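Here is how the chains run, residue by residue.
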Amino acid sequence: MRGAAATLRHELIGLSGVLERNAYLVKRYVWWELAFFVWSLANTLTIVFIAKGIHAAGGKLDVDRATTTLLIGAVIWSYLGVVFEILTETVAWERWEGTIEYTFMAPLARPIHLIGMGFFAVIYGVLRTAVLFAVIASFFSLSLGGANFVAALIVLAVASVSFIGIGMMTAVLPLISPEKGMQMGFIAQGILLVISGVYYSVSVLPQWMQWLSTISPATYALRGIRHAILDGYGVGAVWSDIWPLIVIGAVSIPAGLWIFGVGERHAKRHGKLKRSG
Amino acid sequence: MTAVEVHNLRKEFLRRDAERSGLRRRRRRVPALEDVTFSMERGECVAILGQNGSGKSTLVRLLSTLLLHDGGSAHVFGHDVFRQPRAVQRLVNRVSVEASFFKKMSSTENLSYAARFYGMSSRETKERIPEILGRVGFPEKRRHESMEHLSRGMQQKVSLARALLTSPVLLLLDEPTTGLDPRSKLEVQDFIREVWASHDATILLCTHDLAEAEVLADRVGILDRGRLLCLEPVDQLKERFRSETLEEAFFAATGREFEQENEDEDAERGVFA
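Note that the protein sequences, when read in sequence, are chains A and B. The first sequence: position 192 = 192 (my numbering), numbered continuously. The second sequence: position 44 = 321 (my numbering), numbered continuously.
FYI, nobody ran anything at the bench for these hints, they're computed from the structure. Be aware that one or more of the hints could be misleading.
[Unchecked claim] Computed cross-link-like contacts, DMTMM-like style, restricted to lysine to aspartate or glutamate with a CA-CA straight-line distance of at most 20 Å:
| id | chain 1 | residue 1 | chain 2 | residue 2 |
| --- | --- | --- | --- | --- |
| 1 | B | K380 | B | E425 |
| 2 | B | K515 | B | E471 |
| 3 | A | K272 | B | D486 |
| 4 | B | K381 | A | D64 |
| 5 | A | K272 | B | E422 |
| 6 | A | K274 | B | E289 |
| 7 | B | K381 | A | E89 |
| 8 | A | K272 | A | E89 |
| 9 | A | K27 | B | E425 |
| 10 | A | K27 | B | E422 |
| 11 | A | K274 | B | E401 |
| 12 | A | K27 | A | D64 |
[As the list claims (entries may be wrong)] If you want a taste of the chain B side facing chain A, the calculated C-beta under 7 Å gives, among others:
| id | residue |
| --- | --- |
| 13 | S341 |
| 14 | L343 |
| 15 | L345 |
| 16 | Q366 |
| 17 | R367 |
| 18 | M382 |
| 19 | E386 |
| 20 | R393 |
| 21 | S398 |
| 22 | R400 |
| 23 | R405 |
Since this is a predicted model, take the numbers as computed values, not measurements. Where is the CB? At the ideal position from N, CA and C, for every residue including glycine.
In isolation and in its complexed conformation, chain B is listed as follows:
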């Protein structure tokens, strides 16, 4: 069964020029995604690799119903993302680079109200929240502590717990380990692997961590300046670009080093990332 089907998806943003034309600043359209086409099967884990400003977050936000497209189509389990957003919202949850919580509230409080938005009653959350926090390795004694007192790694674990609490069939992970220390990063990656193995979840992982993409994903795509250049299993990707490593494949596909960023263009595009 097809979990995600994206066809010629396009998104542009209006950008004001620094220079003025008369009294007003000129505006121009900057493409964030250009005719992106791909599909994902149910239960698959697909990683999209790209630098800052490549359009990864725009793709995630479009599939999360947080953006409206400018062309093409996107379907999640047969539901049109832009015409049937409520149906899609019931199936999707997300973990982004920033954990994003009400910082004075505790992990339990944050998870509790968020679960209500997905129709979970207090009886359900009373059982499920301690269980899921336990699964992500969150210490029991800290469950009533304000989020602001928790480390980034700890907050990201709660973020994973929030996403999993609603049992999404499509999990969108937008750089979930960026900025984490090596130990927290491994713990979060282990948990993603465990969730993928134990849940009937389809995972779209957007990352600029090549190793993470290689170990977690069935297929890896390269998104460069809004264009999806390829989407294949890592071995095929390396073979196609006659590369030893994913980094070399990325270089061959984009013509740029992975860490090298075109400052002008990426600064402009970075506002959408």
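Next comes chain A alone, as it looks inside the complex:
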């Protein structure tokens, strides 16, 4: 019992080390953070203005609803990008800085390492997304009085588990392919962007893409969050979007850990667990 408590303490301290390191990096790269935030802001604004653009061009649509729909899509996509990016950096950034060997030879359980990265990604991503949402919303006179932000946050929190699981799967790519891994991660992200209904309903997709959309957690996250914010739905009303997220999360986390483990063994066998250059 005492041994188990000591092990748990050791792992929790290790997890705090992952959070601590990432917090230092955010602090030290604060100007980069600011630059990326401004870029995300400009990018999101460009997308959200599309609704007004269509209206100005004579298209018939509920501008407020379309604006909010696009806003949610762009902001959640930005959140997903942050989570994936941070998890992919588990390997890529460490390889670039040369610390990869020191981290991977430390007595830190890999699930704790990856969950720590995921945990940081979610904390950082939620804060960044909330600020982004607030700033963009201030550009438009959107009426969000009926929005159920608590339910939206719950959907996001549940979806984040699945995002972390998928992020773990993409994090392995730079491990097994130092030169192309990061870029292969972008492909996985791009596929999610197309099939998950980020800026449109998945019903407009070809049938085979609609089938694919059912295994993307982003599909349920976006639909649930949109219902919560646009229609004021509570947790009960968006349960049909929450339970698939729970199922995908329950599968993707163990699958992500397993895939990363396989990738790590491959890297150790072929000498790829080393710094660049």
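Got chain A; can you put chain B on it based on the hints?
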């Protein structure tokens, strides 16, 4: 007590040929370590001498649990390196030729998070980090400066501090003074000597610096093209090869000058070093 026991350790890497066979490049196996056998007693300092591409770094990376072997066995304080990596990781730390830090972060920040991975709480590191940085002669006023602003010698001192912070019982030093100016080199060597004398540490020093091996190690091994040719105290080594100097002994053992490198083979093997 045996600290390190390596028996017939073998490691090969796949290498793609420059020439294509059909659409694909042919692959072949290149040995990095071939049946390496040796042991180290607790508290001993052993130096492994070898040129670039001789397999020194492969040996260190195998013992650091960063590589999986292709044959043989390796044990650290009785723990199988490949079957019980977590147990080995708790006992081992390392200093490599590149200091390897998050360069925008300070020395204190780099040491702090790294120590957490070894289970050290913030209360422990608050006391230990200034103490250990003081011991390696790192100036107090620079402890919050980014690593990128520090000299190579200074970075290597922080690297030593990082390794010692976790109190490893086996310290793996992979060319720790390569590329340092003479003064920094002497300082790092002095510190290694001090650590060895004051800590209950076993040290495996891989180097191509003959003088460094001679002054620091109890026994010196010669690793050539993945094969450990001998491992003996320097005097016995010189006696065996009837040599006046370690360099002559190296030449007699390998049939090559120490600085002479077989360009083709070493370029090929160098990718693993």
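Going down the list of hints, with the structure as the test:
| no. | hint | in the structure |
| --- | --- | --- |
| 1 | B/K380 to B/E425 | holds (5 Å) |
| 2 | B/K515 to B/E471 | violated (26 Å) |
| 3 | A/K272 to B/D486 | violated (27 Å) |
| 4 | B/K381 to A/D64 | violated (44 Å) |
| 5 | A/K272 to B/E422 | violated (31 Å) |
| 6 | A/K274 to B/E289 | holds (16 Å) |
| 7 | B/K381 to A/E89 | holds (16 Å) |
| 8 | A/K272 to A/E89 | holds (16 Å) |
| 9 | A/K27 to B/E425 | holds (16 Å) |
| 10 | A/K27 to B/E422 | holds (13 Å) |
| 11 | A/K274 to B/E401 | violated (30 Å) |
| 12 | A/K27 to A/D64 | violated (37 Å) |
| 13 | S341 | holds (4 Å) |
| 14 | L343 | holds (5 Å) |
| 15 | L345 | holds (5 Å) |
| 16 | Q366 | holds (4 Å) |
| 17 | R367 | holds (5 Å) |
| 18 | M382 | holds (5 Å) |
| 19 | E386 | holds (5 Å) |
| 20 | R393 | holds (3 Å) |
| 21 | S398 | holds (6 Å) |
| 22 | R400 | violated (11 Å) |
| 23 | R405 | violated (14 Å) |
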